[in-house]
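Visitor: Chain A is fixed; fit chain B onto it per the hints.
What follows is the residue order along each chain.
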Amino acid sequence: MPSDFPSSPRSAARPSIVALRGVTKTFANGTQALGGLDLDVAAGEFVSLLGPSGCGKSTALRLIAGLSEPSSGEITWAIDRAAAAPRGRDIGFVFQEPTLMPWTTVARNVALPLDLRHTPEADVTPRVAAAIERVGLSQFRDAYPRELSGGMKMRVSIARALATDPTLLLMDEPFAALDEITRFKLNNDLLDLWRALRKTVVFVTHSVFESVYLSGRIVVMTPRPGRVFKELRIDAPYPREESFRTSAEYAGYCRLASEALTQAMAAAA
Amino acid sequence: MSAPERATERERALRIALPVATLLLGVAIWHLVVTIFALPPYVLPGPGLVAKTLVEDWALLSESLRVTLVTTLEGFALAVVGGIGLAILFNLSRVVEYSLYPYAVILQVTPVLAIAPLLLIYMSQQGAVLACAWIVAFFPVLANTTLGLNSVDHNLVDLYRLYGASFDQVLFRLKLPSALPQMLAGIRIAGGLSLVGAVVAELAAGSGGAGSGLAFRISEASYRLNFPRMFAALILLSVAGIVIYFALAGLSYLLLRRWHESAVSRER
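Residue numbers (the working numbering), protein chains in the order written: chain A, 2 to 270; chain B, 80 to 347.
Worth flagging that the hints you see were computed from the coordinates, not collected in a lab.
Just so we're clear, the structure is a prediction, and the values are computed from it rather than from any experiment.
One should not assume that every hint holds.
As the list claims (entries may be wrong) - Which stretches of chain B does chain A cover? Using the computed rule of at least three CB atoms under 8 Å from a CB of chain A, they are:
hint	region
1	225-239
2	251-261
3	332-343
Using N, Cα and C, we set each Cβ at its ideal position, and we do this for glycine too.
Extracted from the complex, chain A is given alone in its bound form (with noise of 0.2 Å):
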């Protein structure tokens, strides 16, 4: 039986690396984005925002990404990140489209936020050649962007993203724009990179089913401004393989999950 729980910060069992309280977001034209989000990020989570377009998803990730500022609340990092060296060390980021370089190759786009840094030369290279490898892209190391398809694209996005080897991967709805096929094959590669490197992950998608299929946890929330109005614990096991695609399972979370977004919309309006 599917658990069910209404949303609260304590609801992750282990240890948070990133805590937001309160946090309201107001833009300069007065549109109210996120109205008091509260939001705890376990170590070693998949954990999906979900809602319909426009309810604050992407500016939370933003947020946590420091990208942009809240109005008010507060966002804490169980980690000192001050003392972790740069800024955005330990964030990865995948947009929604691919966000590449078209001038350069897929290695050089991939080495994007090591040579930044200045990485030497040396160092790059090796790990440039584990991430590409990693995506199963090491063919297409010297192509350029627009010789790709969508799908590749998409995964020298999430190569550049864990290039290096970040704590946080911030997801913003990667797979929206790719067909279905596409679509579930990214899903499967994402889990067993999941497994694989032990990645925290945030993942905002405004798809029950994927939410479903990838999370252990997902936070459903209200449209603008975005609150959390339920979280969901998905307690399949992992692997998660095609077979739990098409189980009962898999269908009941998904009536969950689609119910309470359903009433999510509902308290809003």
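Guide: Chain B only, in chain A's frame:
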């Protein structure tokens, strides 16, 4: 060789053969008109006479060509450096952009032919010619580079911020490469325009001497009713313009062929 490859090959051959055929046809008609109507050289010199003048006056004309080309290239170089430099400055500071951009536009929309005599009052002739070449040529570089710098992918900018990129890194690794296609488009236009600017200023200056360019040769020849030399000088100017155009188009192709849609050939 496959059928589509043969088709591309044939198309490429046609793209060279057709303009050449048009040229030959034009020259033939020109020759026929001159011969049939027995036009004297002071009405319309035939292509043979023009070619002969080109050879006979080569010492004079080539020196003038050199003078005009040097001015053109200097004006062009200044336009590229000035246009890109100003665009970077605009991109960095709204205050500078808002303060100066309107005047860049005014400089562009005021006909250079009208500015040239004024410049000649305040500057040396060479300086004025160079200034004209620059005034006409820098604006397309400025406008296009500004557009390019403002069109950088916002997510990439965020990514650079996330990884703590320095000011230099953002400018040289992100903004300038990203703006390169637009920049090159501006530079391509500037190449032809700097020749126009140089010619206009030479015509306005109108004084001769050893260091006088092709445009001066044209007006000088016109006063002397030396029509074959006018045509010969005109042809040299056209050829110079064509060479500049192709050189810059080639440069643009070389720089963009691996990544930018404008330079990549697609199979249909």
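Visitor: Now tell me if each hint is right for this structure.
Guide: Hint check results:
1. A stretch counts as covered by a chain when three or more of its residues have a beta carbon under 8 Å from one of that chain; for the region 225-239 of chain B and chain A the count is 6, and the coverage holds.
2. Look at the region 251-261 of chain B against chain A: 5 of its residues bring a Cβ nearer than 8 Å to a Cβ of that chain, three or more, so the hint holds.
3. Given a C-beta distance limit of less than 8 Å, the hint that chain A covers the region 332-343 of chain B holds, as 5 residues qualify and 3 suffice.
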